[in-house]
Structures are given as structure tokens and as C-alpha cells.
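Student: Residue numbers (the working numbering), protein chains in the order written: chain A, 190 to 297; chain B, 8 to 497; chain C, 24 to 670; chain D, 621 to 1110; chain E, 4 to 193.
None of these hints come from the bench; they were simulated from the model.
None of the values given here were measured: they were computed from a predicted structure.
Backbone N, C-alpha and C define an ideal beta-carbon position, used for all residues, glycine too.
Any given hint might turn out to be false.
To be verified - Which residues of chain A face chain E? A few of them, derived with a C-beta cut under 7 Å, are:
#	residue
1	A195
2	L198
3	A199
4	V200
5	S214
6	R216
7	V219
8	F242
9	G244
10	Q247
11	T257
12	L263
13	L274
Unchecked claim - Calculated pairs, EDC-like style, for lysine to aspartate or glutamate (alpha carbon to alpha carbon, straight line, at most 20 Å):
#	chain 1	residue 1	chain 2	residue 2
14	C	K225	B	D364
15	C	K566	C	E592
16	C	K566	C	E313
17	D	K719	E	D170
18	D	K718	E	D170
19	C	K566	C	D338
20	D	K1064	B	E114
21	B	K445	B	D364
22	C	K225	B	E494
23	C	K444	C	E313
Claimed, not checked - Label-pair restraints from in silico Cβ distances:
#	chain 1	residue 1	chain 2	residue 2	range
24	C	C50	D	D1065	54 to 60 Å
25	E	L161	D	D1065	42 to 48 Å
26	B	G62	C	D106	21 to 27 Å
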Amino acid sequence: MTVDLAHYLAVSGIIFGIGVAIALSKRNVVAVLMGIELMLNASNLAFLAFSRFSGAFQDGTEPLAGHTFVVFVLTVAAAEAAVALAMAVLIYRRRETVDLDRISVLRW
Amino acid sequence: MVTLFLLLPLAGALLALFLPRERELDARWIALLFSGLAFAVSIVIFVTFDPDQNGYQFVDQFTWINPSGAGFEVQYFVGVDGLSAPMVLLLGLLSVVAVLVSFNIDERVKEYFAYLLLLETAVAGVFLSLDLIQFFLFWELELLPMYMLISIWGSGRNRYSAMKFLIYTLAGSAFMLVGFLVIGVDAGTFEISALTEMPPQDALIPLSLVFWAIMIAFLVKLPVFPVHTWLPDAHTDAPTAVSVMLAGVLLKMGGYGILRIALPILPEQAHDFRFVLAAIAGFSVLYGAVITLQQRDLKRLIAYSSVSHMGYVLLGIAALGAVGLSGAALQMFTHGTITGLLFVMVGLIYERTHTRDITSMSGLMHRMPLIGTVMLIAGLASLGLPGLSGFVAELTIFLGAFDAHPAATIAGIFGVVLAAGYILWMVQRIFHGPADEKWADLKDANCWWEHVAMGSLVVVIVAIGIFPGIITDSIESGIAPIAQIFEANL
Amino acid sequence: MFLPDIPELMIWAIYFAPMVSFAVIACGITIPRMGFQARHASRLTITAIGLSWILALWALDTSIGLDGESAGFAPHEWLRLFDFEVDFGVQLDSLSALMMFVVTSVSLLVQVYSTGYMHGDGGYARYFMLMSLFTMSMLGLVMASSLLQLFIHWELVGLTSYLLVGFWFHRPAAAAAAKKAFIVTRFGDFFFMIALVLIWTKTGGIFDITEINALAAQHQLSDAVLVGFVLGVFAGAAGKSAQFPLHFWLPDAMEGPTPVSSLIHSATMVAAGVYLLARFFPTVEAAPGEVTTTIAYIGAFTAILAASMGIVANDIKRVLAYSTISQLGYMVMAIGLGGFVAAIFHLFTHAFFKSLLFQGSGSVNHATNTFDMRRMGGLRTAMPLTFATFIIGSLSLSGVFPLAGFWSKDELLLDAWHHDKFLWMVGTIVAFMTAFYMFRVIFLTFFGEYRGGEEVDVGHDVAGPPHESPRSMTVPMIILTVPSVLFGLFALNGFGGFIEGTLPEEIRHFKFHMDSVVLASSTLAAFGGIGAAAAVYLARTPKPEQLGRAAGPFYTFAAGKYYVDEIAEGGIVRVVLHRFLGRWIAAFDRVVVDGIVNGTAVGARRIGDIARRLETGHLQAYTSMSMLGVVVVIIVIFVLSGNVLER
Amino acid sequence: MTGWEQVYHIGPAVTLLGGAGVVLLADMILPRGRAPFALLTLLVLALAAGWAIWHANTGTTGPSFDGAVVTDRFALFFIFLFIAATAAVTIASTDWVKKLDLSAEYYALLLVAAGSMSLLVQGNDLILIFVALETTALVQYVLVGLTRRDRSAEAGIKYLISGAVAAGLMIYGFAFLFGTTGATSLDGIASFVQAGHEEARLPLTLGFVLVAAGFGFKMALVPFHGWAPDVYQGGPTPIISFLSVASKAGGFAIALRLFYTGLGGSETFISEDWAMMFGVLAVASMLFGNIAALVQTDLRRLLGYSSIAQAGNIAIGLAAVSTGSTLGPSGVMFFLATYVATNLGAFFAVIAISQRIGSYEIGDYAGLIRRSPMLAAILMLCLLSLTGIPPTAGFIAKIYIFNSAVQAGEQWLIVLVAVAVVNTAVSAYYYLRLARTMIVDDAKDEMTFRPTLSMQVVLVFAAVTVIFVGLVPAPLISAAQRAAETLQIQ
Amino acid sequence: MDSVGVVIAFYVLSAITIVSAASIFLLRNLVHAIVLLVVVFLGMAGLFLTLSADFIAVAQILIYAGAISVLFVFAVMLTPLASRDNGNSLYAGPGLLLGGAIAAIVVVTAFDVEWNQLTGVALEQRSFTDTIEVIGNQLLGPHVLAFEVASVLLLFALLGAIVLVTDPNNEDGTTAEEEAGKDTAVGGSE
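Extracted from the complex, chain A is given alone in its bound form (with noise of 0.2 Å):
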């Protein structure tokens, strides 16, 4: 019984898949957030496990440019979250809520 590439990628797709599924069908704005960072999370771990298992690696080329993407992806992430929450913070001002199927002023 080994564990290998198939099967890391396989755990981020489901948790990608997971992800979407969150960040499509939640309706309160920071849920919606946390589907997205899932999906930023999965994406890690295919990087990872990629700079683990991959063969494809060239002469010169550092298997470790994958964790290299990774804290990229981090601190994007991050940022990202940051700015996303502030604008839910700013609609929630302004509309008394951070339900995203009420938030449909603009339409059609």
C-alpha cells in the first residue's frame, strides 16, 4: 500500500472541489470567503505534493519552486482575505447585511 501522487492530488481535488462548493452555494459573504481559501489550500497541496513526487523536473530546475509558489500563495491569501473582509465590513455598512443573495441591487 503506497501513497502517491494520485492520491495527494486526489485529496486537493476534493477539498478544491469542497471549496467551490462552499464558495458557490454559501450566501453569508465570510462563508463564501472560507470556501475561497480552501481552494487557495488545495491548490497548496497539489503544489507540495507535486514538488514531492514529480519527475518532470529538469537539470536547473528546483522541485522546490513549489513551495516557493506556495508562500506566494500564503501571503496572497492573506492579503486577499484582508481586502475581502474589509469590503464585507464596507457592505455591511452601508446595507445591514453580508448576504450576497440580497446583495443583487446591480442586476439585468
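Keeping the supplied structure of chain A fixed, place chains B, C, D and E upon it in accordance with the hints.
Tutor: Relative to the frame of chain A, chains B, C, D and E by itself:
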């Protein structure tokens, strides 16, 4: 010289546009001056055009777009041959007429004449362009002034009609562009004469598809059944001068395009589909004529008669012989003058009676004998009376087409009978009969511009009817190379 | 014969003189500053036509000198457009020379007559302008050397007929009649034009009449082409010459001024159809026998049909119109039977006496302001000159020896006798009927009591009791009696030989002779007709009403003009063309063709409305769309690339 | 290469990003509300532009930062576009900013957006591309919500969350690209793909589709377009004008870079897959954008749908990329360049008008030609250009991009072009309906007005550009061609 | 990887992570969901460790489980009147379906593709012993520019967040409708 013809109206348009508001009415004179100058240039072109010489004359040519390494070389390439020379003359003449009949426009005068002159430039560009992309450019350029002219100065459902005109033409020309690109890409050039010399043998998509893609735009413009319904609407709601231009020269763009582009570049496909074209033509003639008989609106009547008459053009083209093709070219010219005159007359009548409903008019001949007479002349020319220009053209078409398409030709000849029906019915209803009290105050044509507009067209109609040789020499030299393609190879 | 041969230019002058007159009057009318006055118009016209007449005489003289053979003037180029080459030229042979003579002389007399008849009319100048134009066109028609040239003038005479019938356009009946005349003849021209196109196509671009005739005579044209061509030409002729079933425009055309009827609708234009057939006589002869038989029978049928209508008509001009149709039917029958000379001879004599009769009716109208014979009566005392000339014309028409009509009709019936006894019988019956209705007219109009006339009609300022017409009208009538009486004598004098000069040698077979049976029967028919008319309308035993009742449905039918008008106008045009075809097609155009277009636009907007509802404003709808897009694209590419499904 | 030399290569971006800092610093140092931020911003832009020109003149090319970025004509072309768009927006929004309490932040954010996009187009490594793209995105989210009004906030949060989801998809796609090819640098990925590892087709497909979703969001391609109409309607118009051109251009630029260079360009085993994908997306975008725009009454929303449709047009160039010639990329670039001028012109005119009439409803634009002829004329010109009617830049752009698609020599691309040209006719309906409303209809309010001087400057500049490129397109096409050549793999 | 411990760890951690993630979807209380999110992050960190990504694992715990979760809690606290439930939106159905679809696609791909991956000895030889050093070298080496840009990103994210939550000068007395009216003319005739 040719470029001058292109630029003069444009210059006039710009000049008119930037007139100070308080001198707005001077726009009329500017328009008259510039269209008159352009007309003079067109006469010079026509007269000095040498029919015995092969190829294009008065050529102006330079490369317009030629990016490095890409197959997109577009030229500014203008010139006249025997085919375009009469068209240019017609355009020059009708533009002057259109300006004249617009002399009493009192609303947004500057813009009006600017658009009118811009229209002249655009149509001139279509007739003069010898490069496909350039041709397409002018083809599209014509849309805007037409759209605005109908929208702003039209009447009735003018917005609807203008939009219909626009969308119809755009949709038609859309496929034309695809066809042009396929041909041009395949041959590596967009120059019409080069493409004519070496017709594409094979392209990305079947050439017959390319042929129809190109034809659809021309058929819409011509127009023939079943893509004609924009025409009655556009005519009905357009101001007089625009109807004149529309019927007189814009419809000719379709026939001209077929003769200049579709046939020479894709002769085999044209030959393959000649029966389809003939069937469309014959059907259009009868269909248009029968519907014309039903019309109660003066402008709609003439518009539908145009559908019928432009069917002849297609019939002549479908014959693919020298005589038929020159008949088509001749018919384009004569129909331009005749229907132009008819619309001028309708405009004059409408101006006075404020109605276009034929059934509500009666006995107008008593009040306006001159208008009635000229209208009668125009009508007779339209029904193909010998001695007037329409006859020569139609007869040439019939002679040319009979051998190839006897049934369609007979249908076409029967269209002449129907034409007599609707024209005479119209004349009878409007001009004959007892004088109606309600029209007691009407005045006959009394302004010099009305006289000049009517007179010039009548003179041309009669002159060509009696001496068709005036323009047939030129047409013969223009058609000969096209006809040669078909006679030599097919 | 007497004069030197006429140069070509002079023949052209015959044609151009009225044209100049037309052009000058036209300019005078449209350009007010020229100071043109109405009376100039008639003088100009008469001068021009007079000149033409003199020249036509010269031409006739020359032609007689040539024994009627073609003078062979070379044609001139009119149009060169690839194979479409048209040359215009003049044809001077017996046929055209004779026709020129007829046209110019009748026209000249009618112009003179018109100065009286049209006196004071508002459109006096216009009238003469059109008359000039007509004369020009008619001359152009008869002298044309090219089929196309002939056709052009053919159409032009149609146009002038239209304009002149509708001369009093304020009268709805006149306007309608004009339109009808034009369209019905145009319907005939439809076939003519097909014939023209056909012959051009099949001969490889020949329009020259002589050449076509020669080709046909040498059997170089296939039977199919010949049948098509001859029938087409005949249909054109039938339209112009008012042959059944295209005859019904002519009675209506009587709405025009009477001199117009006199010139156009009796003497010249309507005879153009016969002229056309005669022009192409060699071709017609070359055509299969069925074709000529058809022509003959249609002519005969027209003759008897029109005569029967003439018997019951009450309008004097209409009677004359039916008579014209009937006589034209004779001529067409003759052509169909190969009686070239008889047809032309009858055409020749008929032109004069029918013109005379029309002028007489115009004179009567001038006095009574009506054409309705029921309002006339007893005019012989008030208008002795008119009466006398009318009698002579009628006798000539009835074919009473030795007037002109007798000779020509006799030739005609003789031809029928030789070829087809049945047609001869029909012809003889028609002769009887002709005499009957002509004398019915005379008895109703000139005998009995005056029944009051009618109030002033528009365009005429004459009122009061009937009186003789002015000299300008009577003099032409008197002059016209001369040919009506005398011209039949040409039959004895080599007319046939002369007129056959135009034909190729092979088909000249005219020989003047008389047949006692034919002679007797026709004379009997004529006098029988006169006698019967006298019995009914003079002695009133039996009374015409009784006769009408006795005839029962025949009378109703004939009085209703056999309902051809109704069928053609009401049935074909109104119901089939307008109501059925036209309306449905127009509706189809509006609903289906345009409907598809508008439907597309509306549909696009509808779809647009749906599409914009996709933008619900809910953010997650958008992200869902994105995801859906991703999933679908991936799956499609996976499936297309085949990697997943294959395993 | 020394550190400074490397920085020299990314000079424009550095200038812009540094300029943002300077602006923020100036805000701190100078008294509040006094600082000439606009001038300062323009100065920074001028410096950046100067540096870019210097690059262009000296022909500075090649990778730097260990291949993380490249400096080439392709990047420079887009850098010029970004700088021009930013400058235009800066000038046009000076009045608008006065009413905003955050002018320094506004300008700083604009500069950061421009700077990060400049880096983005130079990016040659997935990591840098990701970071630069996210920087751009985040800054734009903030910009959209900048006024903190109700609709602005809604637009902001929609934009942000859509963007975040798109970024999530994209990074997941990057993960697969990275994992499959074992490289983060585009050159590395390219060499892997070109080596023809057919077995990696599935993960590669997964990767590029997910990445395309991320880029598609930027380009507003269907089905990643959902945010566009809402954000266009709700966001602050000057910022939207920036977004509509710069962000879109950035999206297309990086898509070109990644798919053309990164995925090994044409003739790889997946090139047809992604080319067709873009083709389908293009068709969907054109159809959806145009059809939905037909029924819009709010101008900003209309422009939102229009931008979707235009993205579809441009994506034709992406689909045509797979042929190996430079026509596809150059088509995209040329179209984008004209689109920047056209769309900015349209947006600025709308801003200037709506500032006065206080409405974005199309109906309220009635009779504008009499109230402000200049604005109406320029807006009409831009609408014509968007429709693709000569003699505007949009016409040439459309023809050029269609030509490149046909040149690609694939039958399905011709179908694509056919759909596109038909869509042109559809789009004419709503563009010209707006033009008609302005020009034909009667005004409710006759008061005349003029835009401010700064607005006039940019408007005239945009209009002149639109016309000039329409008449003399050759230089710009050549520039796009040369720029596209550098995109090919060395 | 054959080591039994790693295998077990993988499966256990995967199970925890997936179940927690799924629970986020299922739970009705937002605060509980945040707690579970932290569990997911921690489980992820564990998985990272099984991939020898020690530095990332630590960073994951610090940034995600620490900072971002706290941010979420703040967000919840700053929106006191908004509902606390974790309800589904109108698009829950499609969302779930699409999430499942993408997951299925990835899983299928993962197992369908013959990955070019290291196994056995080669895998053991890939030493991820000093990831921090390598990452540090990378950040300041080839990816220094991205690193710098990330700093710009962070700076302006900070600035943006501050800007967004700063109220404009006119303290909020306006309702949404009035705002909407004003909004139609951004920067207009106020």
C-alpha cells in the same frame, strides 16, 4: 481626377458642417457647388474616358496598409473602366438632383447636406474602388449617412426603417467580408484586377460558399426576393433626396458589385449557380410587380417596382453573356435615372399634398400639369416604353437572357405588362379624374431648382432612350473583359 | 413613275416633319416664355403632315415605278452592343408606300377636321402635339426596316393612343379606357416581345425584316421557332387590331375625341396589326398550316362576334368601333387564308370610309352632344352634308357595288371561298350583319323624329338645336367620300400586282378575277342587311324590341358584350390578379417574408431579455457560470481528446 | 547582469510602482487636499513612458531576474497602452477626484495598477505572473469600492469575490502546469510541451482551462463575465473606464504570453485544444454580450455588455494564435490599442455628459447633439468605432483581426469569423440606437453645456486617435506586428 | 511512499481534513464553521508535513490557522446585525454539483494519468531536508522580483483595507435608496 471626384463631396461636407449657425442656409449652396463640381468632374471623366483602351483609366494607387510579413496588404486603388464610368456619371447627376430637391429643407440644414455629401463620397468610393478591402470600407461607410438621413429627416416609422436598412445591409455585408477575406487570403492580394486575372481555384472553404457569401450582400443591396423587405420601408420613410439617392445609386451598388467582383473573381461558381440566379431574378420580377399592384402608398409602390426592376438586372447577370451583362449594366444606369425621377416627382407631390395615399388623390393633373406630365414620362420610362431609356436596357437584358433562361426571361417580359398595369393605375388615380376641391390650392412646380431637377433627368432619360450609344460604348468596353471570361472558359 | 425616284432623305423627312411639329409644340407648351399660342399648334401640325403627305405621294409614286419592290435603302446603325446590333432604316416598297399614303392622307384630313371639332377645347395645343406624335410614330411603324424599329413605333402608337383616349382625363371613363387600351394591347405586346426576342436569339441577332422573311421563306428556321414567332407576332397584332379575345379595349377607347377615333382607332393604328402580319407575310406563310388556320379562324370569329355586338349597341361610335373590329377580323382572316392582297386592299379602302364614318359620327355629336342614338333622329334635314357623306360611307362599308368597300370585301370573300367554304359563309353572314347595323345607325340617327340630344358636354361649347358642322369638318368628310367611292376601282387597275411587289417571287399568286357565287351572295347579303334594317328601324315591322325579345338570351349576351370585359377585367385582373394572387402575395410578403425579418429582430430582443435575466445580480450565479464553463470545457476537451472514454 | 541593469529592464514598472509611493508620501508631507497629485501622477507616467521609449529606441530586450521577466517589444507595446490609458484616466478624472476624499490613494492605486500590469506583461514566470496579477486585481477591487457608496460597495464585493474565485481556479491551474511540466518559468513549460509529452495531456488540459478561467475573468469572456455588467454599472465610472481597457488589455496580454509562449505556441499537441476553447469562448462572448446589450437602458450596463462582446471579438485573435504566424497576436494587440482609444473616448464622453445631466439612462441622452455637440459627436464617433464602421479605428481593427483568423487557415476559424461579422450587425443595433437617441430625438432639456478643459483635451485626443488610426492604420499595425514577432519562442 | 507511518498519517489527516471541510458546508452555524476551518488548516499542515514541507506547514499554521481565522472571526464580529447562520444561497444546488464535478474531474485525472513521478529510491533521494534555506535562496534569488511585488501587494492591500473601511467625511446618515440616487451620478452635481 478620380480622387478629386471622391474628395470634392467630402470637402463640401466638412465645409457645410463647420458653417456658423446663423448662416446655416448657405449649406445648400455649398452642397450645390460641391456636388455640381463633382458632377462636372464626373462628366469630364466620362467624356474623356477612352472606351477603346483596355483596363482602368485615371488610376490613383498607393499602398495603404502593408505591415511587414503579414498577408494584409491593402491599397488605395481607384480608377474607372467602362463599367464604373457610367455609374460615376449617374452618381454625379443624381447627387446634384438630390441636393436640388432638398433645397427647401429647413431643419438642421448643415447636417443634412453634410450627410448627403458624405453619402456621395461613400458611394463614389464603392464605384471606384479596385481593392476589395477598400471597396468594403466604402460599402460600410455609406451606412452612417443613410441611417442618419432616414432617421432624422424621414417621416413615419423612420427609425424602424433606418434601423432595418442598417441591420440588413450590415448582416449582408458581414458575409461579404468573410468571402473577401477568404479570397484575399488565398490569393495573397485584395486587388480586384489581380484576382480577376487569376481566379482562386481553391480556398479554405468551398468556393461556392464564398460565392454566396459575397452574393448575399449584393443581393440584399440589389434587392431581390426574399431579402428585399428593407427597401419599401426605407423608401417610404426616407426624405425625397434620400429616396432618390437610394433608388438611384445605392441599389446599383449591388449590381455593380456582382459585375465587378462576384462574376470576374468567381466565374465558375457564377456559372454553376446561374440557374438559381435566374430563378431568383424571374421570380423577383413577377413577385415585385404583383405586390406593386397592391400598393396604395406612392413611395411603397415605386419601391416595390424597384424590386421588380432590379430583378431584371439580376436576370441579365444570370445570362452570363456579353449582351445580358451589358443589359444589366445599362439597366442599372437607366433605372437610376428613371426611379430617381419618379422619387423626385413623388417628393414634389408629397410636398404639396402631404399625402402619399394614392386612393386619396384625384385629378391632380388639373392643378399641376407639369408635375403630372413629368411623372407620366417617368412612369412610361419605368414601364419600358421605347424611346425612353428603360426600354433599351430591358430589351438588351431579354435578348441576352432568353437563350440561357427562356422561362425567367418570359417572366421578365411579363413583368413589363404588369409594370404597365401599376404605373398606369397610379397615374390614373393620381392625375386623372375630376379635380378634387381639396386640392384646389396646389401649385405646380414653380421653383427653379425643381425645374432643373426634373428637367435634367428627363433630358437624360429621353436622350438615352433615343441615342443609347451615349453610354453603350463605355459599357461595352467595361463588360467585354467580364464577358470574355465566360465565353473563353465556360 | 411620274417623278424621279425619291431620295432616302425625303422619306426620312416624311417621318421627321411631324416629329418637328411635335417637338416644337411640346416646347411651346412647357416653356411659357416662348409665347406659343394654341392656334399655332394646329397650323404647325397641318403644315407638317401636309408636307409628309406630299412626300408620301412622291414615295408612292416612286414605289409604283419600282413595281412595289423594295427600294433597298441601306440601314443606319443605331446601337452596337456586342451581338446586339440594331440598324434603323427606311423600307420603301409597295406596302410601306401605300401605308404612308394612307396614314398621311387620313391624318391630314383628320387634322383639318379637328380644327373644327376641337375648337375651343382647353387642351387644343396638347391635342395637336399628340396627333403629331401619333402621325410620326405611325409613319415610323410603317416605314421601319427593322423589327425593333417597328416595335419601338408600335409601342409609341400605343402610347399616343393611350394619351389620346385619355385626352379628357378628367372623365373617369376616359381615363379608365385609356389605361385599359394600353394594358390590353400591352398584353398582346408581351407575346410580340417574346417573338422578337425569340427570333433574335434563334437567327443569331437578326432584326432586319427582309432578312427574317427571307430566312423563313428559305426554311432556315425550325418549325418550333416559326410557330412561336408567328403566334407571338399574331398575338401582338391581335392586341393592336383588337382581335378576340383582346378586342374589348377598342369600344371603350371611343371615350377619346372623335377625330382620334377616326384616325387611330379606325384607319391607322388598329390596322397596324394587319400591317404587321402582312409585313411578315412570307414568314407567316412559311409557318405550319395550323398556325395560319388558327389566325384565319380567330379573325373570322372576331368578325362575327363584333358584328353581333354592333347590332345591339346604342352608342353610334361603339357601333362603328364594333364594325372596325369586325372589319379587322376580316382582314386577319384574309391573312390567315393567304389572301395578302385582299387584306391589304381592304385595309386600304376601310381606312378611308371608316374614317369618314367616324367623322360623320363626330359631326353628329357636334350637333347633338351625344353619341347615344336613342337621343338622336331626324338629323338628315338639319345636317344634309353629314347625312350624305355618312350614307356613302355606310354603303361602301356594306359593300354595295361599285363603292370601294364592295371591291375589297369581294376580294376577301373570294379568298375565303377558295380556301375554306365555312369561313366564306361566316364572311357572308358578317357582310349581312354589317349592312344591317350600319343602316340601323342611319335610320336611328338621320330618320324619324329628333329625340333631343344632350346637354353640353365638357369640352364642347355647342348647344341648341342640331345644325350642320362647320366647314372645317364637312370639307374633310366630303373629301373622304372620294376614296370611299373610287378607290375600289384600283382593284381593276393592277393594285394586286403592285402590292405583291413586296413579296418574294415564289409566293406571289394574285390574279384578279370574280366569282359569280361570291359576287351574288355578298351583294345579296348587303342589300338584305339594308332591307332588314329598313324593315325594323324605318318601317318598325317587326319592332326592334320584339326582335330583341325574340332573340332572348342571344340579345342579352350580345348587349352584354359577351361579358368579355367582365371576365377579363373583373375575373382575371380583379379577382385572380388582385384579390387572389396580389392580396395573398402581398400578405405573404408582409407576414412571412417581412415577418421573418421582424421576427428575427423581436426574437433577438426576446433572447436578449432572457440573456440579461442570466445576470441575476446574484454574485454566485456568476461564479457558478464560471465554474460551469470550466467544467464543461474540461469535460468536452477530455471527451474530444478521447483519453477518458477510451479507457 | 548587475542588479541595476536588471532594474533598468523593468524600469517603467519600477517607476510606476515607485511613483505610487511618492504620491502617498506627498500626501503625508503636503497639506491635505492641496497637493497636485494629478500633475505628480502625470509626471510619473511621463517618466515611465520616457523610460519605455528609451527601451524601445535602444532596443533593450532579453530576460532579467533569472528569467522571471523579459523585456521585449510585446511588453513595451502593452506598457505604452497602460501608460496611455492611465494618463488619460488621470486627466479625465481630475474633476471627479475633487469630490473624493481620497485623491492621493486614488492616484497611488492607479499607478500601482499600471505598474503591476507592466510587470505582468513582462512576466515570464508563473510566480511573478501570479503575484503581479493578484496585485493588479487587489488594487482594482479597492478602486471599484473606492467611493464607498452603496452601489460602489456592491460592485466592489462582487468584483472581489468573482475575482477571488477566478484566482483560486487560476492558481490551481498553475499548480497543474507546474506539476506536469516541472517548471514555473514559461520557457520551461514551453520546452516541456514542445517535447510532445502526450501522456500529460489531461493534466495540461486541466491546467490551461483553469488558467484560462482566471484570465477570462480579466478579459470578461463568457462564461467568466458575470461581474462585468454589474461592476460597470455600480463602480465609479472613471475607474470603470480604466478597468474596461487596461484590465482587459492586461488579461489578453498575459493570455497571449502564457498560451503563445508558455504553452509552446502552435503546432503542439494541445494547441488546437486551447485555440478552439478560445474560439468557443469568443463566440459565446459575442453572442451573449451583443444579445443582452440589445435590451439595456442603462448606459454603463450597456457598455458592460458591449465590453463582453468586444472581448469576444478580440478573443478571435487568441483563437487564431495557434497558427504560428504573428497575425493573431498582432490582431489582438492592434484591436486592443484601438479599443483603448475608442472605449476610453466613449466612457469619458459618458462621464462628461452624465456629470451634467445626472443620469445614465439612454433616454436622458436625447437631443444631446444640440446640448453639447462636441460630446455627442465624439461619443457617436466612438460608438461607430465600437460597431466597426469606417472610417474609424474600430473598422480596421475588426477587419484586421478577422483577416488574421482567416489567414490561420482553419475552417472552424472561418465559422468563427462568420459569427463575429453577424454579431457586428447585431451590435450595430444598440450602438446606433444610442447614437440615434443623441442625434435624432428631441431633447427634454435644451440647456447647453461643455465639458471641462481637461476632459476636452482627452476627448479630442481619443477622437483624433480613433480617426487617425482609422485613416492611417499602417504605423500602429506595424508596431503591433513587430511586437508580436518578439512573442515567438526564440 | 511506503513507510507505514506516513501512509497512515496521510489517510488519517486526509480524512480529518475532508470531513472537516465537508462539515463547513454542512454546519448551520458560522462560528462553528470557522472553528472547523481551523481544523482543516491544521489537517492541511499535517499533510504538508507528510510531504516534507516543514516550513510551509509551519507557515500554514501561522498564517492560516492563526491570522486568517482570526480575520474571519473579526469579520463576523464586525458585522453584528448580519445573520450568523451558514445558510445556503439560491445557488446551493448548482454549487454543490459543480464542486462535485470539479472534484471528480481532478480525482479522475489524478488516477487516470500515468504521472511522471519519482518512486522508490529516487523519491527517497529527493531530499527535502533544508527547505527553508532553499526557499530563502529562491525568494531572494530568482523570485526576488515576485517577492518585492508581494511586498507592494501587501502594502496596498493594507492601504486598500484601511481605505475601504474608512468612512467618507459625511458620516453615514443616508439610506441605501438615497445613496442609490446619488450613485447614479458619481461625482456628479452633489
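Student: Now tell me if each hint is right for this structure.
Tutor: For each hint, the structure was consulted:
1. A195: Status holds, d = 4 Å.
2. L198: For L198 of chain A, the interface hint holds, since the closest Cβ of chain E sits about 4 Å away, which is under 7 Å.
3. A199: holds, 5 Å
4. V200: Since chain E brings a Cβ to about 5 Å from V200 of chain A, closer than 7 Å, the hint holds.
5. S214: With a closest approach of 3 Å, the S214 of chain A hint holds.
6. R216: Where the cut-off is 7 Å and the nearest Cβ of chain E is about 4 Å from R216 of chain A, the hint holds.
7. V219: For V219 of chain A, the interface hint holds, since the closest Cβ of chain E sits about 5 Å away, which is under 7 Å.
8. F242: holds, 4 Å
9. G244: holds, 4 Å
10. Q247: violated, 11 Å
11. T257: Where the cut-off is 7 Å and the nearest Cβ of chain E is about 4 Å from T257 of chain A, the hint holds.
12. L263: Holds, about 5 Å.
13. L274: Since the shortest Cβ distance to chain E is 4 Å, the answer is holds.
14. C:K225 <-> B:D364: violated, 46 Å
15. C:K566 <-> C:E592: Cα-Cα ~34 Å, so violated.
16. C:K566 <-> C:E313: Violated - the C-alpha atoms of E313 of chain C and K566 of chain C are around 44 Å apart, more than 20 Å.
17. D:K719 <-> E:D170: holds, 14 Å
18. D:K718 <-> E:D170: Holds: K718 of chain D and D170 of chain E sit about 17 Å apart, inside 20 Å.
19. C:K566 <-> C:D338: holds, 19 Å
20. D:K1064 <-> B:E114: Cα-Cα ~18 Å, so holds.
21. B:K445 <-> B:D364: The given pair, whose Cα atoms are some 14 Å apart, holds under the 20 Å limit.
22. C:K225 <-> B:E494: holds, 18 Å
23. C:K444 <-> C:E313: holds, 17 Å
24. C:C50 <-> D:D1065: 54 to 60 Å: holds, 57 Å
25. E:L161 <-> D:D1065: 42 to 48 Å: At roughly 46 Å between Cβ atoms, D1065 of chain D and L161 of chain E fall inside 42 to 48 Å, so the hint holds.
26. B:G62 <-> C:D106: 21 to 27 Å: For G62 of chain B and D106 of chain C the Cβ distance comes to about 23 Å; the hint holds.
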